[in-house]
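*Asks:* In order, the protein sequences belong to chains R and Y. Per the working numbering, the very first residue in the first sequence carries number 1; after that it's consecutive. Per the working numbering, the very first residue in the second sequence carries number 604; after that it's consecutive.
Watch out, some of these pointers could steer you wrong.
Calculated pairs, SDA-like style, for lysine to any residue (alpha carbon to alpha carbon, straight line, at most 20 Å) [claimed, not checked]:
(1) K565(R) / F634(Y)
(2) K547(R) / K955(Y)
(3) K556(R) / K955(Y)
(4) K518(R) / E811(Y)
(5) K556(R) / E799(Y)
(6) K556(R) / R956(Y)
Derived CB-CB ranges, DEER-like [to be verified]:
(7) D775(Y) / R543(R): 25 to 33 Å
(8) K547(R) / E735(Y): 25 to 33 Å
(9) H783(Y) / S506(R): 55 to 63 Å
Far from chain R, by Cβ distances over 10 Å, these chain Y residues were calculated [said to hold, decoys possible]:
(10) R628
(11) F681
(12) L683
(13) A698
(14) N758
(15) P771
(16) E779
(17) K825
(18) L839
(19) G868
(20) Y933
Just so you know, these hints were derived from the structure itself, not from any lab. Quick caveat, the model's predicted, so the values are computed rather than measured. Glycine residues also receive a C-beta, built at the ideal position from the N, C-alpha and C atoms.
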Amino acid sequence: MKDTRFIRNICTIAHIDHGKTTFVDRILEITKSVDPRKMHEQFLDQMDLERERGITIKAQPVKVIYNHDGQDYEINIIDTPGHVDFSYEVSRSMAACEGAVLIVDASQGIEAQTVAHSYLAIENELDIVPVLNKIDLPTANIEESLQQVADLLGVPKEDVLKMSAKTGEGVENVLRAIIEQVRPPQGDPNKPLKALIFDAKYDKYRGVIVYVRIFDGVLKKKDQILIMSTNQRYEVEEVGIFTPTMVPTDSLGPGEVGYVIAGIKEVSEAKVGDTITNALAPTDEPLAGYRDVKPMVYASVFPGLPEYYEELKKSLEKLKLNDWALTFEPTTSPALGFGFRCGFLGLLHMDVVRERLEREFEMSVIMTAPNVEYKVLLRNGETIIVNDPAKFPEEDQIEKVYEPYVRLSIITPTDYMGNILTHLQNERRATLQHMENAGKNRIIMYFKAPLAEIITDFFGKLKAMSRGYASMDYEMLGFEESEIVKLTVLVNKEPVDALSTLVHKSKAYTVAKKLVDKLAELIPRHQFEIPIQAKASGRIIARADIKALRKDVLAKCYGGDVTRKMKLLEKQKEGKKKLREIGQVSIPQEAFLAILKIGEEEK
Amino acid sequence: MESLSSTLVSENIGLYLHVPFCKRRCTYCDFVSFTDFSQVKEYFEALWKEIELWSKFLPRIHVETIYVGGGSPSDVPFELLEKTLERIRDMFLIADDFEFTIEVNPNCEFVERLRFLDVNRVSIGLQAADDEVLKCVRRRHSVGDFFRTFETAKNFAKVNVDFIVGLPNESDRTIENDVHVVETLRPDHVSIYLLETHESEFETAISEVVENRYERFVEAVKEMGYDRYEISNFALNNSFCRHNLKYWRNEDYIGLGVAAGGHLGRIRYVNSPRLGEYISKLKEDDFVFDYFSRNDDLQELKETIFMGLRLSEGVNIEKLREIWWMFDPYELFHDLLGEFLEIEDGFLKLTKRGFDLSARVLADVIDRVSLMAVGR
Chain R
1 MKDTRFIRNI CTIAHIDHGK TTFVDRILEI TKSVDPRKMH EQFLDQMDLE RERGITIKAQ
61 PVKVIYNHDG QDYEINIIDT PGHVDFSYEV SRSMAACEGA VLIVDASQGI EAQTVAHSYL
121 AIENELDIVP VLNKIDLPTA NIEESLQQVA DLLGVPKEDV LKMSAKTGEG VENVLRAIIE
181 QVRPPQGDPN KPLKALIFDA KYDKYRGVIV YVRIFDGVLK KKDQILIMST NQRYEVEEVG
241 IFTPTMVPTD SLGPGEVGYV IAGIKEVSEA KVGDTITNAL APTDEPLAGY RDVKPMVYAS
301 VFPGLPEYYE ELKKSLEKLK LNDWALTFEP TTSPALGFGF RCGFLGLLHM DVVRERLERE
361 FEMSVIMTAP NVEYKVLLRN GETIIVNDPA KFPEEDQIEK VYEPYVRLSI ITPTDYMGNI
421 LTHLQNERRA TLQHMENAGK NRIIMYFKAP LAEIITDFFG KLKAMSRGYA SMDYEMLGFE
481 ESEIVKLTVL VNKEPVDALS TLVHKSKAYT VAKKLVDKLA ELIPRHQFEI PIQAKASGRI
541 IARADIKALR KDVLAKCYGG DVTRKMKLLE KQKEGKKKLR EIGQVSIPQE AFLAILKIGE
601 EEK
Chain Y
604 MESLSSTLVS ENIGLYLHVP FCKRRCTYCD FVSFTDFSQV KEYFEALWKE IELWSKFLPR
664 IHVETIYVGG GSPSDVPFEL LEKTLERIRD MFLIADDFEF TIEVNPNCEF VERLRFLDVN
724 RVSIGLQAAD DEVLKCVRRR HSVGDFFRTF ETAKNFAKVN VDFIVGLPNE SDRTIENDVH
784 VVETLRPDHV SIYLLETHES EFETAISEVV ENRYERFVEA VKEMGYDRYE ISNFALNNSF
844 CRHNLKYWRN EDYIGLGVAA GGHLGRIRYV NSPRLGEYIS KLKEDDFVFD YFSRNDDLQE
904 LKETIFMGLR LSEGVNIEKL REIWWMFDPY ELFHDLLGEF LEIEDGFLKL TKRGFDLSAR
964 VLADVIDRVS LMAVGR
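Bound-form chain R, shown alone (with noise of 0.2 Å):
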C-alpha cells in the first residue's frame, strides 16, 4: 500500500485554448513517464474529435512520479473537460483531488468558464495552485493577468506562479509547487471500500472501464464490488493505474487513483459521482455529491436517407455505451420520417454526438434545432414533462407552465458591456443581478435567464458582439413559472404539426412573422393561392400568402418525345398534388428542414 503522504491527486482548470493539455503533456516528458517515440502532441486528447477541435471533452487522467528532495511522489492528474455543458463532470473530478491547478492564459487572461471553476474548485476545498500559462507569447499581459487571478483567489500577486508550457519554462516550479501547496490525501485501508467514479469509458473489448479515486479500503481483482445507486454487483477483473496508458496493479489503496474492469456493460451503469463498494463489506454511507444527471437541451434526429434508420438507432446504442449522458428514444415526422428524440447535456454534446456519428459511424443525419424541456401543470392537477412541441397540450388543458432557468455569468472587456446587457435584457428575456469588476477594464455579469434562450445561437451572438472576447458559463437554477405558447403554422388551413414551435408569448409575433415568411419563400407556388398562418393562444397572429402559380406550361413536345414527356409527367405526379386534392400542398422536405432550423436563428 502507498503512502498517502506521497501521493498528489490534482486537476487542472483553465479555459479551452489556455494550455491545459500542453502543460500536462511537458509534464508527461519531464516526468519522462512516456516514450518519447510514442509521444505525440496532446497525449491525452485521445479521441479524433477532440484532437481535431482542440478541446477536451473527457477527462483523461496520468500518473506521473516526480522527485522531490530526494523523495519520490505520485502525481495523480485529472484532466478536466472544459466546456459549460460539462460541468457536473468538472465537479466530480474535482471531488477526486485534493488541488488544483489553476491556468491562466496570459495573454487572455481569466474568462467566465476560469471563474465559474475556480469557485467550483474553492466550494470542494482544494488547495489551488495559481498558474500564469504562456508569458513567452510576445501577446502576454503579464502584470494585468497576475492581478486578475490574484483578485479572483484573493492572494497575493506574486503566489502566482509562471509558466510557458510551450517552451518548458517554469513548468517545474509548478511542479514542486503542488507537492509543497496541496496536501496529501487521507483515507484508512481498514475501512470499507469507498472509491469514487470520476469518469468512464467503453472499450469494445473489455466493456466499461472506470475512473476511479479510493476514499477509505482497498480495491483489488476478484472483489465484489456495489454500485451504490443501482444496487448493482460485479466482480472485479482488473485493477489499475494510468501511466498515462493503463497498467494492471495488484490493489487500489487509499488516496489513489486508477481504473477497474468488472464486466460492465456501459457506461450508464457506472455513472460519474456514484460510490463503489465492497459488496461483502459495504460502507454505510456512499460518497456525498452524486446526482443523475439530466438532458438540458432535446433535439431530433433523422438518418440522411430513411433507409438508414436502423444504423442510425445501432449508432446511437454504440454511442450510448460510451456516452452517459445522452439520451434518445424513437420519434417520427411527417416530413423527415423516423428517426430519434435526443437528450443532450448541452449544445456542445449535441453538436460532438452529430460529429460522432457522422466520423465513427459514418452517418450522415439530419438534426433539428435544439429546445428545452418544460414543465406543464395541467388543469387536472397532473404535472407533465413535456420536450417535445408536437406532444405540447392544448392551451385550454394547461394551468402553468414551467421553463429551466439557468444563471448565466459573462466576462467582458467593458467596452461590449452595454450591447451584451442590453440585448440579453431586450431579446433573450434575461435579467441582470449582480456585477463586479473582473480585473482591469473586464467586468463579470450575472443574469438570471431562460436556459431556452442560451442554448440557441447565443454563444455565436456573444461572440460577435465582443469580437469574440467575452466568455460566458451557466448553472442550472431549476424551473420557473414562464409565459410558454404554443406557435401553430396553419399550411392552406391546416395545422401542420411538425411545425410547431414552443415560444415565450413576449416574442410569439415575432417569430410567427419569421415563421410564415420564410415558409412562403419555401414552399413553391401552387395553382391557387396558399395562406400560411401562424396561431398561438387560439388567435392568428401572423400571416404570409403564397401566390397562385399562373404558368406551368409544358412546352415543347415533338414526336420523339411523346413517351419521354409523359413518363416526366407521370413522375412530376407522384411529387406534386393532383389537382383533384386541389386543397392539399406539397410542403419539401428543404422548407421543413429550414423552419426547424429557424428556430437556431430567431427564437
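Chain R is fixed; fit chain Y onto it per the hints.
*Replies:* Frame of chain R, contents of chain Y only:
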C-alpha cells in the same frame, strides 16, 4: 418487325429527320446533339440506310410532310442534306402538295441554297430579339443575322420564328422587342416557348415576372391576328405546321436518326440517342430502337389525349371512344371541367387556364386515365 407490317398504317405519313450536330451547344437546350463533327459523314450514311430500311417496310406509302430538325441542320455540309433528300425521293412517294420544313439558325447563305432543295417552310430559331440575351445563352447569331435570313427565306418559303421566354438577361424591354419583330415581319408562324427550368424533380420554377412576360407576349401575338392553335404555336391565315399537327393528332409519322421517334398505327418507337450505336447498328442493316412498343388501347388513348389536348381544337371524343369505348370525359374530369377543361362540339379541350397550367392538368388527366383503366 412482323408486327409493323400487320399494324394498320394510313397511306400518308410524315417524315422526321434528326440532325444531331451543333457547332456549339446553347445553354438551355436539352435536345440530343453533338459538337464533335468527325462522324457527320458516317452518320448521314447511316441515316440513308435507315431511309432504305423503312422504305422496304412501307413500299407504297405517301410522304406528305418532311421535317428536318436538330441539332442544327444549318451546321452540316449542304451536300449531305441534298443527298438525303435525293434518297427520300428515290425511296418514297412524295405527295404533290408536300410540306418540307427545315430548322435553321439565322444564316443567310445557307438559307439561300435551301430553295434548290424544294424546301417550302423554314423555321428560324431566333429565341430572343436581343443580342445580349443571345450571347448569354451562347447562340451564334445576332438579331441582324436573323433579319437578313428572314428576308431571304420569305422569298421562297413560309417562315416560322421560334422564341423562348424565360432566358437569362431577358427583360420587359427585350420581350417588347420580340413583340415588335413579330409585328413588323408578320411571319406565317410563330412558336413561343416558356423555358422549362426544373428547380427540383417535381417543381417547375417560374417567377411571376416571367409569367407576366409570357402572358403579354402571347396576348400581343394573338391580337395581331395569330391563331393559337397549339399551346406554344401560333399561325397566321391557317399556316399551321402540317407536320407537327401529325404529332399532336397522333397520326402516322416515322422519325429517322438518333433519338428520333415515330408512330405508325399502334406502334410507338424511339431510336437510340447514342451516336456510335446508331451508326454501327445501321451498318449491319438493323434498326436501333431504344423504345419500341405496340400500344395497347390504354396507352394509345393516353398518348392521343396527351398530344391532342395541346391543340386548341382539342381531341375528338368519338376518336377516343374508338380506342376505348368506355371513355367518359364527363365523369372522369367532372371537377376539372369549367376551370381547366371544356367539351365543345364533341371535342375535349383545355381552357385558357388549362393552357397556362398544361403541365399540371395533363399530368392529372393522364393519371386519371390510367386509374380509370384499373377500375379505381
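*Asks:* State for each hint whether it applies.
*Replies:* Results for each hint:
1. Under the criterion of a C-alpha separation no larger than 20 Å, the hint pairing K565(R) with F634(Y) is consistent with the structure, at around 13 Å.
2. A C-alpha spacing of about 19 Å is found between K547(R) and K955(Y), which places the hinted pair at or below 20 Å, so the restraint holds.
3. Taking the CA atoms of K556(R) and K955(Y), the gap is near 18 Å; set against the 20 Å cutoff, the hint holds.
4. Taking the CA atoms of K518(R) and E811(Y), the gap is near 18 Å; set against the 20 Å cutoff, the hint holds.
5. Between K556(R) and E799(Y), the direct Cα distance comes to roughly 9 Å. Compliance with the 20 Å bound is thereby established for this hinted pair.
6. Simply put, K556(R) and R956(Y) have alpha-carbon atoms about 18 Å apart, close enough for the 20 Å limit, and the pair holds.
7. In this structure the supplied range 25 to 33 Å holds for D775(Y) paired with R543(R), their Cβ-Cβ distance being about 30 Å.
8. Judged by the Cβ atoms, the range 25 to 33 Å given for K547(R) and E735(Y) holds: they are separated by roughly 29 Å.
9. Hint check: H783(Y) to S506(R), Cβ distance near 58 Å, so the stated range 55 to 63 Å holds.
10. At roughly 17 Å, the least C-beta separation between R628(Y) and chain R is larger than 10 Å, which holds for a residue marked as non-interface.
11. For F681(Y), the non-interface assignment is confirmed: its Cβ lies about 24 Å from the closest Cβ of chain R, beyond the 10 Å cut-off.
12. Interface exclusion of L683(Y) from chain R stands, the closest Cβ pair being 21 Å apart, more than 10 Å.
13. Residue-level check passed: A698(Y) sits 18 Å from the nearest beta carbon of chain R, beyond 10 Å.
14. Listed as outside the interface, N758(Y) is consistent with that label: its C-beta sits roughly 27 Å from the nearest C-beta of chain R, beyond the 10 Å cut-off.
15. Its beta-carbon lying about 17 Å from the closest one in chain R, P771(Y) satisfies the requirement of being farther than 10 Å from that chain.
16. With a minimum CB-CB distance of about 19 Å to chain R, E779(Y) clears the 10 Å threshold, and the non-interface call stands.
17. The claim that K825(Y) lies off the interface holds: its Cβ sits roughly 15 Å from the closest Cβ of chain R, which is beyond the 10 Å cut-off.
18. For L839(Y), the non-interface assignment is confirmed: its Cβ lies about 20 Å from the closest Cβ of chain R, beyond the 10 Å cut-off.
19. Annotated as non-interface, G868(Y) keeps its C-beta farther than 10 Å from every C-beta of chain R; the closest such distance is 15 Å.
20. Listed as a non-interface residue, Y933(Y) keeps its Cβ farther than 10 Å from every Cβ of chain R; the least gap is roughly 15 Å.
In this structure, none of the earlier numbered hints is contradicted; all agree with it.
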